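Can you make the complete structure from the sequences, with help from the hints?
By my numbering, the letter at position 152 of the sequence shown is numbered 152, and the numbering carries on one by one without gaps.
Note that these hints are calculated values from the structure, not bench results. Here the structure is a predicted model, which is why all the values come from computation and not from measurement. By construction, the Cβ of each residue, glycine as well, lies at the ideal position given by its N, Cα and C atoms. Treat the hints with caution; some may be incorrect.
Derived lysine-lysine pairs resembling DSS-like cross-links, with alpha carbons at most 25 Å apart [as the list claims (entries may be wrong)]:
#1 K143 <-> K15
#2 K82 <-> K126
#3 K100 <-> K84
#4 K100 <-> K15
#5 K82 <-> K119
#6 K143 <-> K98
#7 K98 <-> K133
#8 K98 <-> K15
#9 K100 <-> K126
Label pairs and their in silico Cβ distance ranges [what the hints assert, rightly or not]:
#10 E55 <-> S146: 25 to 35 Å
#11 R138 <-> E4: 14 to 24 Å
#12 D147 <-> M42: 31 to 41 Å
#13 P67 <-> Y131: 30 to 40 Å
#14 H88 <-> S146: 40 to 50 Å
#15 K143 <-> T25: 40 to 50 Å
#16 N56 <-> V9: 24 to 34 Å
#17 N97 <-> N75: 16 to 26 Å
#18 A152 <-> N97: 42 to 52 Å
#19 H18 <-> L86: 22 to 32 Å
#20 R80 <-> E23: 22 to 32 Å
#21 L156 <-> H88: 52 to 62 Å
#22 S114 <-> K82: 15 to 25 Å
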Amino acid sequence: MPKESGQKVVATNRKARHDYTIESTYEAGMVLNGTEVKSLRMGRASLVDGYAFIENGEVWLDAVHIPEYTQGTWNNHTPRRKRKLLLHKEQILKLHNKTKEGGYTLIPLQLYFSDGRAKVELAVAKGKREYDKRQTLRERQDKRESDRAMSARRNLGD
Numbered sequence: 001m002p003k004e005s006g007q008k009v010v011a012t013n014r015k016a017r018h019d020y021t022i023e024s025t026y027e028a029g030m031v032l033n034g035t036e037v038k039s040l041r042m043g044r045a046s047l048v049d050g051y052a053f054i055e056n057g058e059v060w061l062d063a064v065h066i067p068e069y070t071q072g073t074w075n076n077h078t079p080r081r082k083r084k085l086l087l088h089k090e091q092i093l094k095l096h097n098k099t100k101e102g103g104y105t106l107i108p109l110q111l112y113f114s115d116g117r118a119k120v121e122l123a124v125a126k127g128k129r130e131y132d133k134r135q136t137l138r139e140r141q142d143k144r145e146s147d148r149a150m151s152a153r154r155n156l157g158d
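Quick look at the structure:
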C-alpha cells in the first residue's frame with residue numbers, strides 16, 4: 001500500500017478568525033486511538049468549542065468533537081476527550097510563556113492529515129471585543145465594494 005502524500009483537511013475552525021486575533025500558529029501532532037483515526041479519515045470532526053492548555057509540561061487538546069466510528073465495536077473512543085498534542089519542548093515553553101500573559105489562549109484552527117499523520121494547527125490568540133469584530137466586518141465589506149467598483153470601471157474601459 002503506497003504511503004499517503006500531501007495534505008488533506010478534515011475540519012477548520014472558521015469562527016476562530018472572527019472571534020480572535022491570531023498572533024502565531026504552530027503545527028502539532030496528535031495522539032489518537034485507532035477508531036479516532038478512522039473517524040477522521042471519513043472527514044468527521046468539529047473544532048468549534050475546542051481549546052488547548054498546558055499541564056505538567058504537556059499540551060492537551062480538549063472539547064474537540066470526533067464522533068464515534070460507525071463500524072467500531074465496544075472499544076470505540078469517547079467523542080469529547082482530552083487528546084495529547086506532540087510539540088517540541090522549546091515550543092511548549094514559548095506557548096506556556098505566551099499564555100501566562102493576560103488574555104492569550106490556545107485554539108485549534110485546522111485539523112488535517114499531512115503525509116498520513118494527523119496534525120492540528122494551533123494558534124496563540126487574543127479574544128476580540130465586539131467593536132473589533134464589527135470593525136473587521138466593515139473593513140472587509142469596504143474592500144469588497146472598492147474591488148467591485150474597480151472591476152466595473154475596468155470593464156467599462158474595454
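Structure-based check of all given hints:
1. K143 <-> K15: holds (20 Å)
2. K82 <-> K126: This hinted pair holds, its Cα atoms lying about 22 Å apart.
3. K100 <-> K84: holds (20 Å)
4. K100 <-> K15: Holds, at roughly 24 Å.
5. K82 <-> K119: holds (15 Å)
6. K143 <-> K98: With Cα atoms ~32 Å apart, K143 and K98 exceed 25 Å; violated.
7. K98 <-> K133: Roughly 23 Å separates the two Cα atoms, so the pair holds.
8. K98 <-> K15: Answer holds: K98 to K15 is near 22 Å, not above 25 Å.
9. K100 <-> K126: Holds: K100 and K126 sit about 12 Å apart, inside 25 Å.
10. E55 <-> S146: 25 to 35 Å: The hinted range 25 to 35 Å is violated for E55 and S146, with Cβ atoms some 47 Å apart.
11. R138 <-> E4: 14 to 24 Å: violated (42 Å)
12. D147 <-> M42: 31 to 41 Å: Taking Cβ atoms as reference, D147 and M42 lie about 38 Å apart, which means the hint holds.
13. P67 <-> Y131: 30 to 40 Å: holds (37 Å)
14. H88 <-> S146: 40 to 50 Å: holds (43 Å)
15. K143 <-> T25: 40 to 50 Å: Hint violated: Cβ distance 23 Å, outside 40 to 50 Å.
16. N56 <-> V9: 24 to 34 Å: About 31 Å separates the Cβ atoms of N56 and V9, which means 24 to 34 Å holds.
17. N97 <-> N75: 16 to 26 Å: With a Cβ separation near 39 Å, N97 and N75 fall outside 16 to 26 Å, so the hint is violated.
18. A152 <-> N97: 42 to 52 Å: holds (50 Å)
19. H18 <-> L86: 22 to 32 Å: Because 28 Å falls inside the window, the suggested range holds.
20. R80 <-> E23: 22 to 32 Å: Because 26 Å falls inside the window, the suggested range holds.
21. L156 <-> H88: 52 to 62 Å: Hint holds: Cβ distance 55 Å, inside 52 to 62 Å.
22. S114 <-> K82: 15 to 25 Å: holds (22 Å)
This entry does not satisfy hints 6, 10, 11, 15 and 17, going by the numbered hints stated previously.
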